[in-house]
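Work out the full structure: start from the sequences and follow the hints.
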Amino acid sequence: MTPVPALVTWAGRLPAGLKYSTLAKFAEDKNWPDRGWSVVLEFDRPPAELGSPSPGVVRFLMEDAPHDRLRPGCKFELFAGSAKVADVEILAAGEE
Amino acid sequence: MAQQTANRTMGIMGALGAVGGVVKGLLGALLGGGESTVSLFRAVSPAEAGDIVRNGFRAEPAGRSIAEGKWFATSAADATKWGNAMFGSQPFHIVEAAVSADALPSMIRVSRMDNIGPAVFATLDQLLGVSGKIIQ
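Those sequence lines, one after another, are chains B and P. By our numbering, the letter at position 90 of the first sequence is numbered 90, and the numbering carries on one by one without gaps. By our numbering, the letter at position 67 of the second sequence is numbered 67, and the numbering carries on one by one without gaps.
Hint data in this document are derived by calculation from the structure and do not stem from the laboratory. There's no promise every hint is true.
As the list claims (entries may be wrong) - Here are the simulated lysine-lysine pairs, PhoX-like style, with alpha carbons at most 25 Å apart:
#, chain 1, residue 1, chain 2, residue 2
1, B, Lys84, B, Lys19
2, P, Lys133, B, Lys25
3, P, Lys81, B, Lys19
4, B, Lys19, B, Lys75
5, B, Lys25, B, Lys75
6, P, Lys81, P, Lys133
Here is the structure:
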């Protein structure tokens, strides 16, 4: 589960912590939110300091997630319940 | 009393092998008086666990979270799986929340999340006045 570089554009408030995890919505998720996957975002500095968009890295929470979705150019959304909290764009492939 | 009712109901449902908080709530209402509750479970850091016990469920005090609610598992076993994934080798607790059965239908529910199991998202408003108990 190599984290990949990503750019996160926040829809509202910006997190004040270095790590944030919630449910992602990918174009491939036909029955979303059912069978959805959580992602984990990590930042060198809190997004509240970085501003939006915030550069960071992203990975799936689970080992058995569809990791091939996190490819350069891929875009997906983050939700907390029914509220969209961010758009994410994968910037590059992860380091092997 | 409500908690006792919920726990007794959960035992019955466990014996039946059934899953479904709404049904548990309805059975709870039939078996005992008062408000019926449904147990939800969440893996949390030791710091969050302590805050929940002292203050109930609320927005993250240090303001590090932007979510207007919290995700829960519907079983302690599933919450433990999420905790293992989230915290790895770091310590965490499983907290049980007894939420009103009446509130459950209005919560966001996911039939299967992260290939673990059902998940429920409760808003902070829905968690107002809900107490938490560390069970693990």
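So, going through the hints one by one against the coordinates:
1. Note on Lys84 of chain B and Lys19 of chain B: the hinted pairing holds, with a Cα-Cα distance of about 17 Å set against a maximum of 25 Å.
2. Restraint check: the Cα-Cα separation between Lys133 of chain P and Lys25 of chain B comes to about 32 Å, which exceeds 25 Å; the hinted pair is violated.
3. A C-alpha spacing of about 19 Å is found between Lys81 of chain P and Lys19 of chain B, which places the hinted pair at or below 25 Å, so the restraint holds.
4. With a C-alpha separation of about 19 Å, the suggested pairing of Lys19 of chain B with Lys75 of chain B holds against the 25 Å cut-off.
5. A threshold of 25 Å between alpha carbons decides the hint, and for Lys25 of chain B with Lys75 of chain B the separation of about 9 Å falls inside it, so the pair holds.
6. Taking the CA atoms of Lys81 of chain P and Lys133 of chain P, the gap is near 18 Å; set against the 25 Å cutoff, the hint holds.
Hint check: a violation occurs at hint 2 only; the rest are consistent with the structure.
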